[in-house]
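J.: Chains as they are written, first to last, in the numbering used here: chain A, 1 to 507; chain B, 1 to 320.
To be clear, the hints were calculated from the coordinates, so they are not data collected in a lab.
Watch out, some of these pointers could steer you wrong.
[Unchecked claim] Lysine to aspartate or glutamate pairs mimicking EDC-like chemistry, simulated, CA-CA at most 20 Å apart:
id	chain 1	residue 1	chain 2	residue 2
1	B	110	B	93
2	B	135	B	118
3	B	135	A	109
4	A	111	B	81
5	A	459	B	12
6	A	111	A	215
7	A	459	A	123
8	A	157	A	78
9	B	135	B	196
10	A	111	B	93
11	A	459	B	218
12	B	182	B	164
13	B	135	B	124
14	A	164	A	78
[Stated by the list, open to error] Cβ-to-Cβ under 10 Å is the rule here; a few derived chain B residues that face chain A:
id	residue
15	51
16	71
17	72
Backbone N, C-alpha and C fix where the C-beta goes; we use that ideal spot for every residue, glycine too.
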Amino acid sequence: MESGFSVTGYPVTENRAARHPVRLILVLVGREIRDTLRDWRMVIPILILTLLFPALMSVVADMALGWVARYGAPIIGDRLLPFMLMVVGFFPISFSLVIALETFVGEKERKSLEPLLATPLSDAQLYLGKTLAALIPPLLAAYLGISVYLIGLFAFKGWTPPLKLLALVLMLTTSEGLVMVSGAVVISSQTTSVRAANLLASFIIIPVAFLMQGEALIMFWANYSVLWWIVLFLVVVDAILVRMGIHIFNREFLLGREIDEPNIPYLWRTFWGYMRWRPWLFGLRMEALPRWLRWLGSIGGLYRRHIPMVLRRSWLAIVTVVMGLGLAAVLGSDYAARFPLPAGVLQLDQVSPESFSDLPAIDWLPSFTVWGVLANNVRALVGAMLLSIFSFGTMAIALLMAPLTIVFFFVAQAAYAGYDPLLFFSAFVLPHGVLELPAAVIATALAVRLGAAFMSPPKGMTVGEGWLRALADFVTVFIALIVPLLALAALIEVNVTPAVVVWAFGR
Amino acid sequence: MIELRELTKTFDDFLAVDRVSFSVAPGEILALLGPNGAGKTTTVRMLAAILPPTSGTAFVAGHSVVEHPQQVRQRVGLLTEHPGLYLRMRGVDYLDFFGRLMSLSERERKRQTDLLLEQLGLTEARDRRMGTYSKGMRQKMALARSMLHDPSVLLLDEPTSAMDPHSAKLVRDAILGLRSHKRAIVICTHNLAVAEALADRVAIIRRGRIIALGTLPELRRRHLGPPRMEVRLTHPVDGAGGLISDLVHVEEQGGDWLRYATPDPDRTNPLVLRALAGANVSVVTLSRVPRSLEDVYLQAVNAAGDGAPHIVEGTVVDKR
Numbered sequence: 001m002e003s004g005f006s007v008t009g010y011p012v013t014e015n016r017a018a019r020h021p022v023r024l025i026l027v028l029v030g031r032e033i034r035d036t037l038r039d040w041r042m043v044i045p046i047l048i049l050t051l052l053f054p055a056l057m058s059v060v061a062d063m064a065l066g067w068v069a070r071y072g073a074p075i076i077g078d079r080l081l082p083f084m085l086m087v088v089g090f091f092p093i094s095f096s097l098v099i100a101l102e103t104f105v106g107e108k109e110r111k112s113l114e115p116l117l118a119t120p121l122s123d124a125q126l127y128l129g130k131t132l133a134a135l136i137p138p139l140l141a142a143y144l145g146i147s148v149y150l151i152g153l154f155a156f157k158g159w160t161p162p163l164k165l166l167a168l169v170l171m172l173t174t175s176e177g178l179v180m181v182s183g184a185v186v187i188s189s190q191t192t193s194v195r196a197a198n199l200l201a202s203f204i205i206i207p208v209a210f211l212m213q214g215e216a217l218i219m220f221w222a223n224y225s226v227l228w229w230i231v232l233f234l235v236v237v238d239a240i241l242v243r244m245g246i247h248i249f250n251r252e253f254l255l256g257r258e259i260d261e262p263n264i265p266y267l268w269r270t271f272w273g274y275m276r277w278r279p280w281l282f283g284l285r286m287e288a289l290p291r292w293l294r295w296l297g298s299i300g301g302l303y304r305r306h307i308p309m310v311l312r313r314s315w316l317a318i319v320t321v322v323m324g325l326g327l328a329a330v331l332g333s334d335y336a337a338r339f340p341l342p343a344g345v346l347q348l349d350q351v352s353p354e355s356f357s358d359l360p361a362i363d364w365l366p367s368f369t370v371w372g373v374l375a376n377n378v379r380a381l382v383g384a385m386l387l388s389i390f391s392f393g394t395m396a397i398a399l400l401m402a403p404l405t406i407v408f409f410f411v412a413q414a415a416y417a418g419y420d421p422l423l424f425f426s427a428f429v430l431p432h433g434v435l436e437l438p439a440a441v442i443a444t445a446l447a448v449r450l451g452a453a454f455m456s457p458p459k460g461m462t463v464g465e466g467w468l469r470a471l472a473d474f475v476t477v478f479i480a481l482i483v484p485l486l487a488l489a490a491l492i493e494v495n496v497t498p499a500v501v502v503w504a505f506g507r
Numbered sequence: 001m002i003e004l005r006e007l008t009k010t011f012d013d014f015l016a017v018d019r020v021s022f023s024v025a026p027g028e029i030l031a032l033l034g035p036n037g038a039g040k041t042t043t044v045r046m047l048a049a050i051l052p053p054t055s056g057t058a059f060v061a062g063h064s065v066v067e068h069p070q071q072v073r074q075r076v077g078l079l080t081e082h083p084g085l086y087l088r089m090r091g092v093d094y095l096d097f098f099g100r101l102m103s104l105s106e107r108e109r110k111r112q113t114d115l116l117l118e119q120l121g122l123t124e125a126r127d128r129r130m131g132t133y134s135k136g137m138r139q140k141m142a143l144a145r146s147m148l149h150d151p152s153v154l155l156l157d158e159p160t161s162a163m164d165p166h167s168a169k170l171v172r173d174a175i176l177g178l179r180s181h182k183r184a185i186v187i188c189t190h191n192l193a194v195a196e197a198l199a200d201r202v203a204i205i206r207r208g209r210i211i212a213l214g215t216l217p218e219l220r221r222r223h224l225g226p227p228r229m230e231v232r233l234t235h236p237v238d239g240a241g242g243l244i245s246d247l248v249h250v251e252e253q254g255g256d257w258l259r260y261a262t263p264d265p266d267r268t269n270p271l272v273l274r275a276l277a278g279a280n281v282s283v284v285t286l287s288r289v290p291r292s293l294e295d296v297y298l299q300a301v302n303a304a305g306d307g308a309p310h311i312v313e314g315t316v317v318d319k320r
């Protein structure tokens, strides 16, 4: 640790910042909260939502209880009180969005961000400090509002919630606040104007609104255990959002970007750059080849170099998808054990070639032709890719797990029905699955990378660059490898698999 | 204390800073002079470890801006282009906040705050909210913020912008007072007078590139040639130029004045005076023709072949 005398003769010891990282966060939090509370436009809504509204709600709850009891529906009253407890807690945290959305981009617009960036605060300290500062006032207001409501109800009706329910509502309120603030801070750190941040806030408001409606239904249903799973889900989402926010936090973007106008030519050039690969043909120099033969180098480069390189950098996503398949197997078996088919339903010795040709008669299944199977698989994987973008990659895995859970459900059912599960799997799945499964796994892994690029762009790349590279990888490998594999698999599935099944089991 | 080698910064397709190299020793003031959009602020932001460079290296106070940005920011005081104050805060609280972020103790914060507010004439305004401050006061408060932790490197972006003449002088004197054998100072400005008054060396930056670098005498010699002298006579004399043509090349002459350039005025000027006196030509004055930084700047830009720049009221402006 260095130390020396300053020009003013006063000792300044360096490296202090590194020794007190949490203290610096608290300094930032303290200033931000004091600044928030100086603004009457913040204080008055807080007071109304914290004190007036909950008091009003307890009066309304008292009146509602009396009214429903008069008509012989006390259960509605019993369910209403916890529901209003949840609402009273949610309303103060709803304005946490306002504080959080302008936390970075508002400072940027007011030109007070750069001095803050010039301090020894690390990205993580700055980000966490801003997040906590946006979270604490509304959260405390929510707890206070809940307290006012409960005091009112106790005074009017002598009602107190069970401890477990109270803990649930507090956890729900806290986790909802965390998610809203974390998401809003991510938006604030990635936009260039408060106006743009407010528009993007709909990506937070709409899902949370749907969630609240679902929670309301569950509250009236009184199946509180489901709400604990929602709390867990929200905590996981919040952890993802905070990690993502810190990881993609970019001082350069915050300071440098003034306009949100997309630079389409630059985006296209970047995307195209990631799509390109170097030709290869057994080490021969392309310039030495006749022009009409150079396309072989492109093919060679694509399959010998580029695609293996893409697969190598997707290894983590591939492992994750394979683990998902393992989970699908476990789930399928578990469901089979819990919901066994009645005896005699599964009669594989009745399978005949006509069993497969009759499949198109079932409306909701795709047509059992090569084109039908191929189109269905391609559509499913492209759909998974699109959903993956909005779900950090999770929906892609879920969409692959769903059909495989069904497959393993039937494998387990075959076992309960006395058939060899391995033979069942080998006959019904393997002939085409040996090509289709790897194709699906790779496509899903590339889709997962596309969704996860927002959370964790590769080192040295911005979020946009990481996402474009993931998209380029998906498009290249999907067209060059996945579709051919799926086409071959469809051919086998329609023409070979039925024969294998009939040979193994049928008549 | 500051060492840049081939420092480059690209934003998407735009090359903002192009292989900039210079160094600033402790005790030195370097002025980074150029029009708006030249790359001054981007360069300073890289030195302050706020923006990472695209390529090249920069070491500030012994630390790499790429590998140890936090250590760099601990040792750098940055006066930003805009004051960037929290207008709802009081001046004293604002400095206390930044002092805490710089991990100064309570005693250090109080001492530095009192000292800086007094030096910059803000003592009476310390307990007022900064939203009530004038532009000049806000700029001074921002300067105080940059100096709070007594940094060994000061980066000042347009330090006298928006200031009245009195405040500007106060700030210039404060900057000169900050000169010390332990501190390196870089001033970004498009104001030629500020650069001329404060800088030991000047780096002229245009479109991201350094087109001239050196002390003012060096820049004058390099871009304007040897010093030019002017002789004023008591009355017009025909053929006065011919009297000294063996000694110097007379560049211009009027009725009662002559101008010539000489690489060695100490040797040449006495000879010129003797020659004129020998011809009974009376001399009123022999003086150096002033060559301003403006002349240097214009010449440097023309030499760089980037087209004619504009000087408006002592500041450089540029249109791409």
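J.: Take the hints in turn and mark each one as holding or not.
T.: Here is how each hint holds up against the structure:
For the proposed pair residue 110 of chain B and residue 93 of chain B, the alpha carbon gap of about 10 Å is at most 20 Å, so the pair holds. Straight-line distance between C-alpha atoms of residue 135 of chain B and residue 118 of chain B comes to about 18 Å, which keeps the hinted pair within the 20 Å bound. Simply put, residue 135 of chain B and residue 109 of chain A have alpha-carbon atoms about 18 Å apart, close enough for the 20 Å limit, and the pair holds. The suggested pairing of residue 111 of chain A with residue 81 of chain B holds, with an alpha-carbon distance near 9 Å, which does not exceed 20 Å.
Distance hint between residue 459 of chain A and residue 12 of chain B is fulfilled; the C-alpha atoms sit about 17 Å from each other, no more than 20 Å. Proposed proximity of residue 111 of chain A and residue 215 of chain A is contradicted: the alpha carbons are some 41 Å apart, above 20 Å. Distance restraint check for residue 459 of chain A and residue 123 of chain A: the Cα-Cα separation of roughly 15 Å lies within the 20 Å cut-off, and the hinted pair is therefore satisfied. Distance hint between residue 157 of chain A and residue 78 of chain A is fulfilled; the C-alpha atoms sit about 12 Å from each other, no more than 20 Å.
Of the supplied pair hints, the one linking residue 135 of chain B and residue 196 of chain B is violated, its CA atoms being roughly 24 Å apart against a limit of 20 Å. Taking the CA atoms of residue 111 of chain A and residue 93 of chain B, the gap is near 19 Å; set against the 20 Å cutoff, the hint holds. For the hint pairing residue 459 of chain A with residue 218 of chain B, the CA-to-CA distance comes to about 44 Å; that exceeds 20 Å, so the pair is violated. Taken as a hint, the residue 182 of chain B and residue 164 of chain B pair is broken in the structure, with Cα atoms around 30 Å apart against an allowance of 20 Å.
As the CA atoms of residue 135 of chain B and residue 124 of chain B are separated by approximately 16 Å, the hinted pair is consistent with the 20 Å bound. A C-alpha spacing of about 16 Å is found between residue 164 of chain A and residue 78 of chain A, which places the hinted pair at or below 20 Å, so the restraint holds. Interface restraint check for residue 51 of chain B: the shortest CB-CB distance to chain A comes to about 5 Å, inside 10 Å, so the restraint holds. Below 10 Å, beta-carbon pairs count as interface contacts, and residue 71 of chain B has one with chain A at about 8 Å; its hint therefore holds.
Nearest Cβ of chain A to the Cβ of residue 72 of chain B: about 9 Å, under the 10 Å cut. The hint holds.
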